[in-house]
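A.B. asks: Sequence:
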Amino acid sequence: LAVINVESNKRYRFRLVSMSCDPNFTFSIDGHSLQVIEADAVNIVPIVVDSIQIFAGQRYSFVLNANQTVDNYWIRANPNLGSTGFDGGINSAILRYAGATEDDPTTTSATSTPLEETNLVPLENPGAPGPAVPGGADININLAMAFDFTNFELTINGSPFQAPTAPVLLQILSGATDAASLLPSGSIYALEANKVV
Numbered sequence: 001l002a003v004i005n006v007e008s009n010k011r012y013r014f015r016l017v018s019m020s021c022d023p024n025f026t027f028s029i030d031g032h033s034l035q036v037i038e039a040d041a042v043n044i045v046p047i048v049v050d051s052i053q054i055f056a057g058q059r060y061s062f063v064l065n066a067n068q069t070v071d072n073y074w075i076r077a078n079p080n081l082g083s084t085g086f087d088g089g090i091n092s093a094i095l096r097y098a099g100a101t102e103d104d105p106t107t108t109s110a111t112s113t114p115l116e117e118t119n120l121v122p123l124e125n126p127g128a129p130g131p132a133v134p135g136g137a138d139i140n141i142n143l144a145m146a147f148d149f150t151n152f153e154l155t156i157n158g159s160p161f162q163a164p165t166a167p168v169l170l171q172i173l174s175g176a177t178d179a180a181s182l183l184p185s186g187s188i189y190a191l192e193a194n195k196v197v
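For the sequence shown, the residue numbers in full-length UniProt numbering are 1 to 197.
Calculated directly from the structure, the hints in this document are not laboratory data. No residue lacks a Cβ here, since even glycine has one placed at the ideal position from N, Cα and C. Take the hints with a grain of salt, since some may be wrong.
[Unchecked claim] Each computed SDA-like pair below joins lysine to any residue, with the alpha-carbon atoms no more than 25 angstroms apart:
| hint | residue 1 | residue 2 |
| --- | --- | --- |
| 1 | Lys195 | Pro105 |
| 2 | Lys195 | Thr150 |
| 3 | Lys10 | Pro105 |
| 4 | Lys10 | Arg59 |
| 5 | Lys10 | Asn43 |
| 6 | Lys195 | Glu124 |
| 7 | Lys10 | Leu81 |
| 8 | Lys10 | Ser51 |
| 9 | Lys10 | Pro46 |
| 10 | Lys195 | Asp40 |
[As the list claims (entries may be wrong)] Per label pair, the in silico range of CB-to-CB distance:
| hint | residue 1 | residue 2 | range |
| --- | --- | --- | --- |
| 11 | Leu170 | Asn194 | 26 to 36 angstroms |
| 12 | Gly158 | Pro23 | 30 to 40 angstroms |
| 13 | Thr111 | Gly158 | 47 to 57 angstroms |
| 14 | Ala110 | Pro46 | 16 to 26 angstroms |
| 15 | Phe161 | Ala110 | 32 to 42 angstroms |
| 16 | Arg13 | Gln171 | 39 to 49 angstroms |
| 17 | Gly99 | Pro131 | 55 to 65 angstroms |
Just need the whole structure built from these sequences, with the hints factored in.
C.D. replies: In structure tokens:
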């Protein structure tokens, strides 16, 4: 199992990243609180929890205060589907304090204060760019989604999806100069740099 070594009475910043495709995970460290300080690159008002449910692509930073008795503690990341649980060390790692024996932890999980995303508050509020009025952006694009029951196709602004013959980025890298020439009409919107869309 992976072991994360810590020293007593020090604080550690952890960056928790979910690289999963489907399952979400409930992350916790037995006997420790997690002070969440950042969510998806946005600094937040610190909030203390004992577990974090993290979904595909999400990122959190939390501070761990290594203020417990010198020992080994289970780090748990339990998925909501697939191989759940912790038997045989799956979905687990070890938090080991300096001076602790190299044994498996005997700690148990007791989470009672999970992170609730509705409690996250950004430290700064830069506001959305552009005037806060309908149509106040530099470039306004309306997307009308519909279903064409005659052809059984989902359309956006009246155009159905048409898969390119080769991946668009591959075509661009192989020498095409204009992405708009590679895709069906209406699939590309050219945007100017530094504009509010």
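A.B. asks: Run every hint past the structure and note whether it holds.
C.D. replies: Checked hints:
| no. | hint | verdict |
| --- | --- | --- |
| 1 | Lys195 <-> Pro105 | violated (54 angstroms) |
| 2 | Lys195 <-> Thr150 | violated (38 angstroms) |
| 3 | Lys10 <-> Pro105 | holds (20 angstroms) |
| 4 | Lys10 <-> Arg59 | holds (23 angstroms) |
| 5 | Lys10 <-> Asn43 | holds (22 angstroms) |
| 6 | Lys195 <-> Glu124 | holds (22 angstroms) |
| 7 | Lys10 <-> Leu81 | violated (35 angstroms) |
| 8 | Lys10 <-> Ser51 | holds (20 angstroms) |
| 9 | Lys10 <-> Pro46 | holds (18 angstroms) |
| 10 | Lys195 <-> Asp40 | holds (23 angstroms) |
| 11 | Leu170 <-> Asn194: 26 to 36 angstroms | holds (28 angstroms) |
| 12 | Gly158 <-> Pro23: 30 to 40 angstroms | holds (38 angstroms) |
| 13 | Thr111 <-> Gly158: 47 to 57 angstroms | holds (50 angstroms) |
| 14 | Ala110 <-> Pro46: 16 to 26 angstroms | holds (22 angstroms) |
| 15 | Phe161 <-> Ala110: 32 to 42 angstroms | violated (49 angstroms) |
| 16 | Arg13 <-> Gln171: 39 to 49 angstroms | holds (42 angstroms) |
| 17 | Gly99 <-> Pro131: 55 to 65 angstroms | holds (60 angstroms) |
Hints 1, 2, 7 and 15 from the list above are not met by this structure, while the remaining hints are.
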